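Q: Sequence:
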Amino acid sequence: MNLKTSPRLFLRLFLLGCLFSTHLVAQNTQTITGIVKDKISGESLPYATIGVQGTNNGTSTNTDGYFTLFNVPSSGVLIISYLGYQTTKITLTPETIKIRLVIQLNPDYNELKEVVITDKKDQLMKVSENISQISISPAQIATLPSLGEKDIFRSMQLLPGVSGTNETSAGLFVRGGTPDQNLVLLDGFTVYQVDHFYGFFSAFNSNAIKDIQLYKGGFDAQFGGRLSSVMELTGKSGNTQKVGVEGGVSLLSANATVEIPLIKDKASLLIAGRRSYTDILKSSLFQNIFDLVANAEETPQENGFVKVDNEPSFYFYDFNAKLSFKPTAKDMIALSYYSGEDNLDNSRKVSIVLPSLDIIFDTKDFSNWGNQGTSLKWARQWNSRLYTNTVVAYSRYFSNRDRDTDIIIDRADTTSTTITIGTLEDNQLQDVTARIDNEWLISAQHKLEFGLQATYNDIAYDYSLNDTVPILQRDGIGLLTAAYVQDQWKVTPQFTLNFGVRGSHFDVTSQYYIEPRASASFQLSKRIKLKAAWGQYYQFMNRIVREDISQGSRDFWLLADNQDNPVSNAVHYIAGISYETPLFLFDVEAYHKDLTGLSEFTLRLTPTSETINTNNLFFGGTGYAQGVEFLLQKKTGIYSGWIGYTLSRVRYNFPGISDVEYPALHDQTHELKIVNSLKLGQWTFAATWLYATGKPYTAPVGSYNVDLLDGTSNDYLNISAKNAIRLPAYHRLDFSVTFKFNLTDLTKANAGISIFNLYNQKNIWYKEFDIIDNQVIETDINYLGFTPNLFFNLKF
Numbered sequence: 001m002n003l004k005t006s007p008r009l010f011l012r013l014f015l016l017g018c019l020f021s022t023h024l025v026a027q028n029t030q031t032i033t034g035i036v037k038d039k040i041s042g043e044s045l046p047y048a049t050i051g052v053q054g055t056n057n058g059t060s061t062n063t064d065g066y067f068t069l070f071n072v073p074s075s076g077v078l079i080i081s082y083l084g085y086q087t088t089k090i091t092l093t094p095e096t097i098k099i100r101l102v103i104q105l106n107p108d109y110n111e112l113k114e115v116v117i118t119d120k121k122d123q124l125m126k127v128s129e130n131i132s133q134i135s136i137s138p139a140q141i142a143t144l145p146s147l148g149e150k151d152i153f154r155s156m157q158l159l160p161g162v163s164g165t166n167e168t169s170a171g172l173f174v175r176g177g178t179p180d181q182n183l184v185l186l187d188g189f190t191v192y193q194v195d196h197f198y199g200f201f202s203a204f205n206s207n208a209i210k211d212i213q214l215y216k217g218g219f220d221a222q223f224g225g226r227l228s229s230v231m232e233l234t235g236k237s238g239n240t241q242k243v244g245v246e247g248g249v250s251l252l253s254a255n256a257t258v259e260i261p262l263i264k265d266k267a268s269l270l271i272a273g274r275r276s277y278t279d280i281l282k283s284s285l286f287q288n289i290f291d292l293v294a295n296a297e298e299t300p301q302e303n304g305f306v307k308v309d310n311e312p313s314f315y316f317y318d319f320n321a322k323l324s325f326k327p328t329a330k331d332m333i334a335l336s337y338y339s340g341e342d343n344l345d346n347s348r349k350v351s352i353v354l355p356s357l358d359i360i361f362d363t364k365d366f367s368n369w370g371n372q373g374t375s376l377k378w379a380r381q382w383n384s385r386l387y388t389n390t391v392v393a394y395s396r397y398f399s400n401r402d403r404d405t406d407i408i409i410d411r412a413d414t415t416s417t418t419i420t421i422g423t424l425e426d427n428q429l430q431d432v433t434a435r436i437d438n439e440w441l442i443s444a445q446h447k448l449e450f451g452l453q454a455t456y457n458d459i460a461y462d463y464s465l466n467d468t469v470p471i472l473q474r475d476g477i478g479l480l481t482a483a484y485v486q487d488q489w490k491v492t493p494q495f496t497l498n499f500g501v502r503g504s505h506f507d508v509t510s511q512y513y514i515e516p517r518a519s520a521s522f523q524l525s526k527r528i529k530l531k532a533a534w535g536q537y538y539q540f541m542n543r544i545v546r547e548d549i550s551q552g553s554r555d556f557w558l559l560a561d562n563q564d565n566p567v568s569n570a571v572h573y574i575a576g577i578s579y580e581t582p583l584f585l586f587d588v589e590a591y592h593k594d595l596t597g598l599s600e601f602t603l604r605l606t607p608t609s610e611t612i613n614t615n616n617l618f619f620g621g622t623g624y625a626q627g628v629e630f631l632l633q634k635k636t637g638i639y640s641g642w643i644g645y646t647l648s649r650v651r652y653n654f655p656g657i658s659d660v661e662y663p664a665l666h667d668q669t670h671e672l673k674i675v676n677s678l679k680l681g682q683w684t685f686a687a688t689w690l691y692a693t694g695k696p697y698t699a700p701v702g703s704y705n706v707d708l709l710d711g712t713s714n715d716y717l718n719i720s721a722k723n724a725i726r727l728p729a730y731h732r733l734d735f736s737v738t739f740k741f742n743l744t745d746l747t748k749a750n751a752g753i754s755i756f757n758l759y760n761q762k763n764i765w766y767k768e769f770d771i772i773d774n775q776v777i778e779t780d781i782n783y784l785g786f787t788p789n790l791f792f793n794l795k796f
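Using the numbering used here, the letters of the sequence shown correspond one by one to residues 1 to 796.
Simulated from the structure, these hints should not be mistaken for laboratory data. Note that the coordinates shown come from a computational prediction; the quantities given were computed from them, not determined experimentally. Heads up, the beta-carbon is just placed ideally off N, CA and C, and yes, glycines get one too. What you were told as hints is all true, and nothing was included just to trick you.
Once the Cα atoms are required to be at most 27 Å apart in a straight line, the calculated BS3-like pairs of lysine-lysine come out as:
| id | residue 1 | residue 2 |
| --- | --- | --- |
| 1 | K740 | K37 |
| 2 | K679 | K795 |
| 3 | K526 | K447 |
| 4 | K264 | K748 |
| 5 | K89 | K679 |
| 6 | K635 | K526 |
| 7 | K722 | K762 |
Computed beta-carbon distance windows for the label pairs:
| id | residue 1 | residue 2 | range |
| --- | --- | --- | --- |
| 8 | K98 | T581 | 32 to 38 Å |
| 9 | H670 | T328 | 53 to 59 Å |
| 10 | Y759 | T581 | 31 to 37 Å |
| 11 | F685 | L357 | 54 to 60 Å |
| 12 | F584 | V245 | 37 to 43 Å |
| 13 | D475 | N368 | 16 to 22 Å |
With these hints in hand, go ahead and build the complete structure from the sequences.
A: Okay, here's the thing in structure tokens:
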């Protein structure tokens with residue numbers, strides 16, 4: 001709903017939530033508190049699970065590894081698990097239950113005296129207790145096949161509900177949403193540019209990431225500002241015990257990570273860097289990728305020859321640094337920094353030799369884009385029941401492209417003509433955010449979460465012709481303030497209800513936006529669980545696609561204004577059921593999303609004059625996304641993996657573009673993913689196979705010629721209905737082999753080969769169309785074929 005009321009409404013809602021959540025008096029219960037850590041590095045482990053053996057009583061750690069568990073018998077047995085670590089048991093005594101526990105989990109499978117090892121759970125991913133939430137282990141990503149790098153976002157694309165066929169986009173299409181509808185957080189600041197090299201690689205160095213949480217939908221009231229999903233990434237804090245050094249190299253890039261304990265058990269520094277060396281050494285892998293992006297080659301023509309002279313210079317880098325300090329057992333202070341950037345010189349010369357003239361297109365094309373972000377965090381565990389996390393963050397996104405083309409026409413009569421066409425595109429975004437989040441454990445039945453957030457955005461976009469003629473200029477400054485409250489109510493040991501509300505005020509529209517959220521889970525039996533969620537979501541900025549079929553499409557961020565680019569809205573409906581044993585998990589979720597306030601920009605070509613009016617090229621529309629996801633996972637053992645299948649549809653309705661409803665460009669009816677991992681001693685073999693319905697597109701279906709009165713003629717196209725034709729089905733097999741070994745007692749290493757598209761399937765990226773003698777000539781532009789990559793990593 002969209003309410004034009006006073007801020008007092010939020011205060012009333014907040015107080016009502018607090019009163020409703022505190023109607024039960026806290027019971028006198030045996031309560032234990034503690035923190036879960038990595039035994040080797042001393043890192044706290046977020047979202048680890050702690051349960052009492054033989055009961056449904058359990059909880060999970062917060063983002064800093066703290067936990068509180070009620071109703072624990074003094075001689076109970078705790079079971080503690082975390083993705084990628086040993087699952088362990090601890091037998092409590094009347095003495096230990098009275099102290100704050102420090103639980104250490106071992107990732108190296110060494111025997112521990114204080115605990116009993118029950119399993120080795122080196123899984124890649126784990127389905128959470130919460131609906132549509134999945135935990136992913138960055139440490140296990142390295143075993144999966146990859147195009148060139150250990151890739152966090154590419155690994156997420158192997159999950160059901162997340163499109164896995166976007167080779168040129170590391171951004172995620174989650175349950176019919178687009179990448180700009182995902183909220184991506186790294187240590188509390190928003191990351192707007194999530195990939196390198198035109199989408200082939202993720203912008204995140206997995207060696208610097210400790211934990212990944214993916215919320216595919218129905219997420220709680222603490223998150224806002226996006227319609228589709230949330231990716232919450234927690235960076236490593238650094239080793240507080242000893243200095244650690246890690247490095248690696250592949251056919252595209254090199255990386256290094258250093259962890260330094262500044263004060264043992266209290267303060268640490270982590271520094272991680274990654275850079276491609278493609279501007280120095282152009283490997284075959286780089287050339288294959290660049291040729292795909294640039295589509296550069298020599299092409300014989302019927303009456304002449306076309307030659308493309310192109311020596312691209314490209315590199316990317318990213319840098320992470322994090323300083324962490326625990327002044328007391330209850331406090332955590334962290335300063336986190338990230339910077340990532342791509343630089344491309346795609347200048348080229350195209351020579352066309354014809355019988356009567358020569359044409360030269362001399363193009364200077366420079367681009368750079370990236371993201372910088374930093375956050376300062378103070379978290380405090382006030383007591384066993386109250387936790388506060390305060391973050392001040394800054395993020396900056398930038399994208400620039402300067403392109404100039406000199407068209408030189410040399411005729412047979414020795415006359416010459418030179419035409420210059422240039423475009424300049426610049427998109428700048430700044431984000432300053434302050435937020436405070438609180439968790440209050442009122443009782444064993446109620447956990448109240450509440451908080452405040454304020455975000456200041458300054459977004460500017462400038463697209464001009466020949467540096468002087470503005471084509472599209474948009475500037476926006478906005479302040480978004482929000483408050484939320486939600487209660488996790490354990491109605492019975494089997495039934496849990498989460499309900500909350502988020503209220504926002506956006507000063508650009510001078511309106512208030514209320515977003516109620518609710519979810520529930522019911523443990524039908526020891527192995528069967530039912531779950532459901534519903535919620536409203538608003539988005540106050542959008543990444544618009546500027547389609548350009550002649551010079552390449554570009555994206556740009558704009559602030560919502562309720563005119564050309566309205567505030568977007570989504571309503572989520574989700575229901576699911578899961579069946580879980582110690583060895584297997586079968587999970588099914590169905591979803592439906594209603595979308596309003598969508599916006600598209602329909603500039604198809606780069607203008608060559610100032611006659612175009614871009615103000616009329618923004619169109620508003622609605623849509624919906626719906627589907628069913630199936631997941632069958634084998635969780636443990638030397639062989640593990642999963643099968644994921646998604647049946648879905650995404651439909652848009654833009655009256656200014658089409659008279660009828662049409663499929664979105666990313667609509668794919670069927671998508672099947674099979675992920676396999678086999679560990680034999682020091683060897684790990686992994687294979688992934690993907691199959692998906694072809695994506696829709698709009699195409700010319702015929703052409704005709706009209707003779708004009710002045711003796712000239714024009715060619716015209718008959719166009720299909722919007723996105724009425726589909727590409728052939730997409731399928732691909734990837735394979736990798738990793739060998740782990742020790743160089744010395746203190747030096748570990750791994751090496752291997754990863755093969756992308758093992759059987760060299762010719763998957764179509766898109767189609768190009770030319771008209772020759774009233775005939776539509778269709779050309780397929782394919783994705784990458786068989787592409788091997790070698791890698792080697794060291795850890796001291």
